[in-house]
Structures are given as structure tokens and as C-alpha cells.
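Asks: Each chain, letter by letter, is given below.
2 protein chains.
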Amino acid sequence: MNIYIEKNRKTKQLIQKTFMQILENKSFESITIGDITKTAQINRGTFYLHFKDKFDLLDQIEQRLFADLGKHIDELQSSYLSTHTFEKRQEHLAATLFSFIEMHSPILKIFLSDHGRAGFHIRFRDAFSEKVRFNLEKNKSINDNLKVPLEYFLSFITSAFLGLIEQWIRNGLDKTPQEMTSLYIDIISFIQKR
Amino acid sequence: MNIYIEKNRKTKQLIQKTFMQILENKSFESITIGDITKTAQINRGTFYLHFKDKFDLLDQIEQRLFADLGKHIDELQSSYLSTHTFEKRQEHLAATLFSFIEMHSPILKIFLSDHGRAGFHIRFRDAFSEKVRFNLEKNKSINDNLKVPLEYFLSFITSAFLGLIEQWIRNGLDKTPQEMTSLYIDIISFIQKR
DNA sequence: CATACCACTAAACAACATGTTGAACATTGA
DNA sequence: TCAATGTTCAACATGTTGTTTAGTGGTATG
Chain A
1 MNIYIEKNRK
11 TKQLIQKTFM
21 QILENKSFES
31 ITIGDITKTA
41 QINRGTFYLH
51 FKDKFDLLDQ
61 IEQRLFADLG
71 KHIDELQSSY
81 LSTHTFEKRQ
91 EHLAATLFSF
101 IEMHSPILKI
111 FLSDHGRAGF
121 HIRFRDAFSE
131 KVRFNLEKNK
141 SINDNLKVPL
151 EYFLSFITSA
161 FLGLIEQWIR
171 NGLDKTPQEM
181 TSLYIDIISF
191 IQKR
Chain B
1 MNIYIEKNRK
11 TKQLIQKTFM
21 QILENKSFES
31 ITIGDITKTA
41 QINRGTFYLH
51 FKDKFDLLDQ
61 IEQRLFADLG
71 KHIDELQSSY
81 LSTHTFEKRQ
91 EHLAATLFSF
101 IEMHSPILKI
111 FLSDHGRAGF
121 HIRFRDAFSE
131 KVRFNLEKNK
141 SINDNLKVPL
151 EYFLSFITSA
161 FLGLIEQWIR
171 NGLDKTPQEM
181 TSLYIDIISF
191 IQKR
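Chains as they are written, first to last, in this note's numbering: chain A, 1 to 194; chain B, 1 to 194.
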């Protein structure tokens, strides 16, 4: 019964790998199950033994990505939570995120482009937003001085961040995560000086 | 020969209207040409007399939206360009945009959701970004003091703005364009105070 | 008034995509 | 060994796409 588990896992991985590969040259919408199974050299029916449909396939890849993102941020926050200033924590959060993006850039390059599935940037931002909310709510000085609803402020700041990431990816990752972190800090302090 | 032009125009409009209507309940990908023509009570072949395919139909609606957005911003800039301070111009730009969004919220609600087509928020941001770039490049004090590449700053600020818009729409337009403008200003000044 | 024209319809077409089924084959465990 | 189980496959019915061909009922024009 052991060889079956292995075989199943391998076929499922093959489908996911092949799918991602095709996604580099073709948009999600235009990819057919046949495209995937022909390239992977398996029967089309086999696909349906592993995934409900195209969307299920993408969902599983997406969700693994979001889970991984959450794990990274959680780890950071548990070790940094009260040992540093808010500004230092912000900086480390940015650095962690840019590193994460660099690590997953092959997938993100596709998901954030128009080759991906509609609404990805919203789902990504929501996953990210949840983590930032936790970080902000712990901070009294923010809750007290912020006049606008927290959800609006969160949308503003996480979208801005995501905008930087999208530009970075569009530029073919022309900078290191460290450079992106200082670029982020430079933009914030530029706004502050006006 | 005039009645023909009228008939053609009306059928084309009917297709677009019906399409937008269906888009409220069904995702772009899952809508078929048959869905549209059955609802509009026209022959399926007629669709192809007006549009190349589903994408062409959506493109034409998108492009009309972007053109309209550009027109609004251009009008604003030509009348305000050098008669006000940079901050006042920013505020009026924000107010203009929020009004535009409110006016087109039925379409934008769909296009920005996962019922729309992948990459819309990128195309929308690009259209918007071009106009803001023009505004920023005219301003010497920004070009001189900004250490980071303009494209990154543009991505940051236009994405942040789009984030506010998305949240606003998600909240079912719970505020007036005027309230959104002061909300925007409040967020900026909150960042400045830190 | 005849006729050429136009937007649209109806029906049929091949090509292709989808999701399901039952059969084939390999592996497992009693 | 052999029945049960797991994986894969070929074939099927169904639905969508974009094109084509023939035809309808109005409209313009000489």
C-alpha cells in the first residue's frame, strides 16, 4: 500500500509542475486540461482523479503559497513582538516580505500578471492584510491617533506595499530584498517630509 | 440608411448591457456567448457580427472606461495646472477620482472583483498612473527630493489609492466622494506625523 | 416599382473541451 | 493464491466555439 501513496503524490506533483510550466507561456483561462495532460504525458481522466477542475488545481497552489506567507510572518512576529520598537518591527516585516517575494517570484510573476486568475491580488492582499492587522492592533499609539477606520488604513498600506512588489517583479527583480526595504523606508520618509 | 446605423448601434448596446447584467451573477470566464444571446433574445450568430469574441466585448467596455477616466483627469489638470499649490491640486485630483469611481461603481464593482478578467487592476492602475506621472513630473520639488526611482514611487502611491477605492467599493460605497477625499488626506497626514 | 442592400435569423458544421464511466492492469494483504 | 483495492486509461455523451449558407423582412434608390 506504500507504493500507491508515492505514486499518487508523484502524479499530483507532476500535474502541478507541468501546469505552472505552461502558465509561463499561456494564460490561465486559455489553458485546457488537455494541454496539461498532453505535456505531462498522462491520460486526461487521470487529472480528474487528483483535482476537481482547473480552479481546484490553482486553488491548492495558491493556498500553499498563502500558508507559507503566514508562517513566515508569524515566525517573525513571535520573535520580535515586544523586543523592538514599532519602526524596527515594521522594517523587519518589510525585509521578511521582500525576501519571501524573491523566493517565490517564479509563481508570483505569473499569479500577479494577467496570465493568472482574476482577483489574485485581492486574495493575496487579504492574506497579507490579516497579518498586518494583528501587528497594528497591538499598537496603542496607532489605534488612538488614527482617525480613519482601520480597514481603510490597512487597505491603503497593504495595497501600497503590493504595488511596490508588483513594480519590483515587473522590473525583473532588479534589486535585492535589502535594497527594496530601504527603498520602502525612503518613500515613507519622503511622504513624511512634505 | 440612417435607420440601419441606429439598429446596429442598438443591438451592440443591447449585447453590452446584457453582458454586464449577467456579469453581476456569473464570472467572466464561465459566461458563454449563448448565455448572452439567449438573455438578449438575439441569434448567437449576431453576436459575431458585432464582436470578435468575449474578450473583444470586454476590451471595448474597458477601453471606454479608461478613456473616460483620462478625459476627467485631463480636464481637471488643464484648469488647475498652475493656479493652485501642489497640495491643493492633489486634493482636487483625489476628489475628481472618487467622484469618477462613484459614477462608474456598477462596472468597477464587477471589474475589480474576481468576476472580472485577470489583470484588470493592473490595466486600471496603468491608465491612472500615466496621468499621475504627468502631474508629478511637472513638479520640480518632487523630482529633486525623491531618492527612489519615479516608477516605484508611482506604483506605491497609485496602488495605495486603488486600495482605498477597492475597500470603498467593498464597503458598498458607505461614504461620499468628499468623505473619501478627507479620509485620504487624514491617512497621509497620519503617516506624516509618525 | 423593381431591385439592390442591410441587419438579423435559423440551422448546420467541424473542431475542440468538458466531466464521467467501466474496463484494464498492478499491487496489496489475508 | 486470490479477492479487494488503487491507479490509469480509452471511449462516451454533452456542450461551446466560430464559421457558413440560405433565407426573412424591412429600407434605400434609380
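Be careful, since some hints might not be right.
Pairs count within a copy or across copies, as identical chains cannot be separated in the list.
Said to hold, decoys possible - In silico lysine-lysine, DSBU-like type, Cα no more than 30 Å apart, as pairs:
| # | residue 1 | residue 2 |
| --- | --- | --- |
| 1 | Lys10 | Lys193 |
| 2 | Lys10 | Lys175 |
| 3 | Lys147 | Lys10 |
| 4 | Lys175 | Lys140 |
| 5 | Lys12 | Lys147 |
| 6 | Lys7 | Lys147 |
| 7 | Lys7 | Lys26 |
| 8 | Lys175 | Lys52 |
| 9 | Lys26 | Lys88 |
| 10 | Lys12 | Lys38 |
| 11 | Lys138 | Lys71 |
| 12 | Lys12 | Lys109 |
Don't read these hints as lab results, they were simulated from the structure.
What you are looking at is a predicted structure, and each value in this text was computed from that prediction instead of being measured.
Asks: Can you give me the call for Lys12 and Lys109, within, between, both or neither, at a CA distance of at most 30 Å?
Replies: within (22 Å within a copy, 36 Å between copies)
Asks: Given a CA cutoff of 30 Å, do Lys175 and Lys140 count as a within-copy pair, a between-copy pair, both, or neither?
Replies: Classified as between; 26 Å across copies, 34 Å inside a copy.
Asks: Have a look at Lys175 and Lys52 and pick one of within, between, both or neither, based on CA distance no larger than 30 Å.
Replies: Neither: 39 Å inside a copy, 41 Å across copies.
Asks: Evaluate Lys12 and Lys147 at a C-alpha cut-off of 30 Å and name the case that applies: within, between, both or neither.
Replies: Neither. Shortest intra-copy (50 Å) and inter-copy (47 Å) distances fail the 30 Å Cα cut-off.
Asks: Please sort Lys10 with Lys193 into within, between, both or neither, judging by C-alpha distance up to 30 Å.
Replies: Answer is neither; intra-copy 55 Å and inter-copy 54 Å both fail.
Asks: How would you classify Lys7 and Lys147 at a CA-CA limit of 30 Å: within, between, both, or neither?
Replies: neither (57 Å within a copy, 54 Å between copies)
Asks: Between the shortest in-copy and the shortest cross-copy C-alpha distance, which are at most 30 Å for Lys26 and Lys88: within, between, both, or neither?
Replies: neither (42 Å within a copy, 45 Å between copies)
Asks: Give the relationship of Lys147 and Lys10 under a CA distance limit of 30 Å: within one copy only, between copies only, both, or neither.
Replies: neither (53 Å within a copy, 49 Å between copies)
Asks: One pair to classify: Lys138 and Lys71, alpha carbons no more than 30 Å apart. Within, between, both, or neither?
Replies: within (19 Å within a copy, 44 Å between copies)
Asks: For Lys12 vs Lys38, is the C-alpha pair at or below 30 Å within one copy, between two copies, both, or neither?
Replies: Within. Shortest intra-copy distance 15 Å satisfies the 30 Å Cα cut-off; inter-copy 39 Å does not.
Asks: How do Lys10 and Lys175 come out at 30 Å by Cα distance, when the copy is not named: within, between, both, or neither?
Replies: Answer is neither; intra-copy 35 Å and inter-copy 52 Å both fail.
Asks: At most 30 Å between C-alpha atoms: does Lys7 with Lys26 qualify within a copy, between copies, both, or neither?
Replies: within (28 Å within a copy, 37 Å between copies)
The structure fails hints 1, 2, 3, 5, 6, 8 and 9 (numbered hints given earlier, in ascending order).
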